[in-house]
Amino acid sequence: MDFDSIYLSLKLALWTLAIMIPLGIWCAYRLLNAGAMKAWLEAGLALPLVLPPTVLGYYFLVGFSGKTFFGIPLVFSFTGILLASLIVNLPFAIQPIQRAFETIDPQIREAAKVCGLSPWQAFRFIELPLIWRGILSASALTFAHTLGEFGVVLMVGGAIPGETKTASIAIYDRVQSFDTAGAGTLSLILLGISLIAIALAYGLFSPRTQHQRSGKR
Amino acid sequence: MLKLQISQTIPMPLQIQLECLPGELHALVGPSGSGKTSTLRVIAGLMQANEGFIQCDNTHWFDADQAKVNINLPTADRSCGFLFQQYALFPHLNALENIAIALLNHCHDTEKRLQLAQEWLDKLGISELSRRMPQELSGGQQQRVALARALARQPKVLLLDEPFSAIDNPTRQELYKTLASIRKDLNIPILLVTHDLKEASLLADRITVIDQGISLQTASPRVLFHKPRNSRVAELVGITNIFKGVFSAGALSLDGLPHVFQVVDKGKIPAGQKVAWVIPQSGISVFAQSTPNSLAATVTQLSSLGQIASIQFVIKGSAVLVNWEASSAEIKRLAIQLGSEVHIEFDAQQIHIMPLRPINDPRRLQESGNTSEL
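Protein sequence lines correspond, in order, to chains A and B. Per our numbering, the first sequence runs over residues 1 to 217. Per our numbering, the second sequence runs over residues 1 to 374.
Treat the hints with caution; some may be incorrect.
Quick look at which bits of chain A chain B covers, simulated, 3 or more residues with Cβ under 8 Å [to be verified]: (1) 119-126; (2) 194-203.
Beta-carbon label-pair distances, calculated as ranges [unchecked claim]: (3) B:K3 - A:R30: 34 to 40 Å; (4) A:M37 - B:D65: 31 to 37 Å; (5) A:M37 - B:Q48: 20 to 26 Å.
By construction, these hints were calculated from the structure, which means they are not laboratory data. Note that the coordinates shown come from a computational prediction; the quantities given were computed from them, not determined experimentally. Cβ coordinates follow ideal geometry from the N, Cα and C atoms, glycine included.
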């Protein structure tokens, strides 16, 4: 069993999640009042959705080549694939949170102001509790998408065992070496983890389930 | 005391000037889109005017005087309670928490905050609703919670934006009583935006009429309904008998008719000035037979509204319409029917003469320059 690659995939997904969600909340919040630039910013942030992973990977490879982050090289390193993963996941993290922000009635924000709340207090006590479903969706999508990311990670990180060889690359390697049983097991594990993550986000915490659990109609 | 003088042209024209004394309930009335709500929003700091000032007690909330440093306090620093038309309760907080959150910066102890919030719920007679979520409350209950939230941090001004418009009539009557009883204890300026004139005259000490972003007149309901400043105010306060004429040294004509009314000349209106004039219902008498000062008229509309009938006459030899309300018994006595002829007398003592247009309306200048056309 290739536990190293599963561990690496989970590590990459969790790191991405830890950095991406606060960043996603900040970006989505800023986008609310982005004014005339909003359409362009949204288009730029949505690019990873439409560009082939190999194209993105190529640009990262060229862009990261020879660069370091606090002394750590960005190409063929975990830091490099984490950075690439963050950029690739921008739309998956930002869009659900942005949609959640947009569902808040503007009058609710105004009510927070006239209640004397500072912008931070309004965000912490009013907006954040109202967008948590969006944050959960963003987390599930980002986590599952990072686990399954292949093209970008391969281009930027190569396939260095324990450093950049994630589960999806390990599956590819196994198929290349005709180890279909090994590839099947890894695929099944990835499928299970992704399914659980999405189901948790969409099922367990859906509004309907919430009402059933709290006994409200 | 709340005092403001604001003006702007973008995004909508606004030219408002008003004062509201402590303990006074001051209504802003006007048609939809006239700038009533925008005025409240500017006061609360949710919108910014281009020019002018807003002063509450001795504190400037806003001052765009170029000579001084511009002052524009953020909403949170303006001590005002704001009641929204659609309540705007925080949907994830229960009634008690909705009120307690307004006390966040006033009291740092959570228990104390909740206790104060409960006291407000008690004052508004909804103690038992403290744990209910906003979506589990009726419109009237939500509005009470919203009122408690607006008052909880003891604001220096209370701003009410059409608070009763989305509420059924019996609940509205209850809320009127609640507002009246709370008013006594508060002793702060209260501004009420409403498009309902009856509501304004029932609740307010003074009313400011706003039209197209301009404050046209501020007066007590009684003065406003009997002595509107101009014909537009008269229209807006629902006066139906607004006539045009020419004033000349105490003689007032009616839309070109030869008949002239002798009214008091206070020396304020130049001779030959084209004016508008109104007369209350009590100043109109209708007779079956002609009298020395009456004008002959024909009944053009007759609609019965239970015990009261609404009648419209057209004065013979003109297109001047006169509206009149009378009891069914009076209609019977005068044998009024559609097309029948009656004689109308106006009590000149009750005539109120006004300029045709507001003082700041450019069309007024054109008209005053063209009085010879009459």
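Self-check item: Range agreement (Cβ of Q48 (chain B) with Cβ of M37 (chain A), hint 20 to 26 Å)
Solution: Holds: the Cβ-Cβ distance is about 22 Å, inside 20 to 26 Å.
Self-check item: Per-stretch coverage check for the segment 194-203 of chain A, three Cβ contacts closer than 8 Å to chain B
Solution: violated (count 0)
Practice problem: Look at the Cβ atoms of K3 (chain B) and R30 (chain A) and judge whether their distance stays inside 34 to 40 Å. | Solution: Given range 34 to 40 Å: holds, Cβ gap about 37 Å.
Self-check item: 8 Å C-beta test of the segment 119-126 of chain A against chain B, three or more residues
Solution: holds (count 3)
Quiz item: Between M37 (chain A) and D65 (chain B), is the Cβ distance one that fits in 31 to 37 Å?
Solution: 33 Å, holds
The structure shown violates just one earlier hint, number 2.
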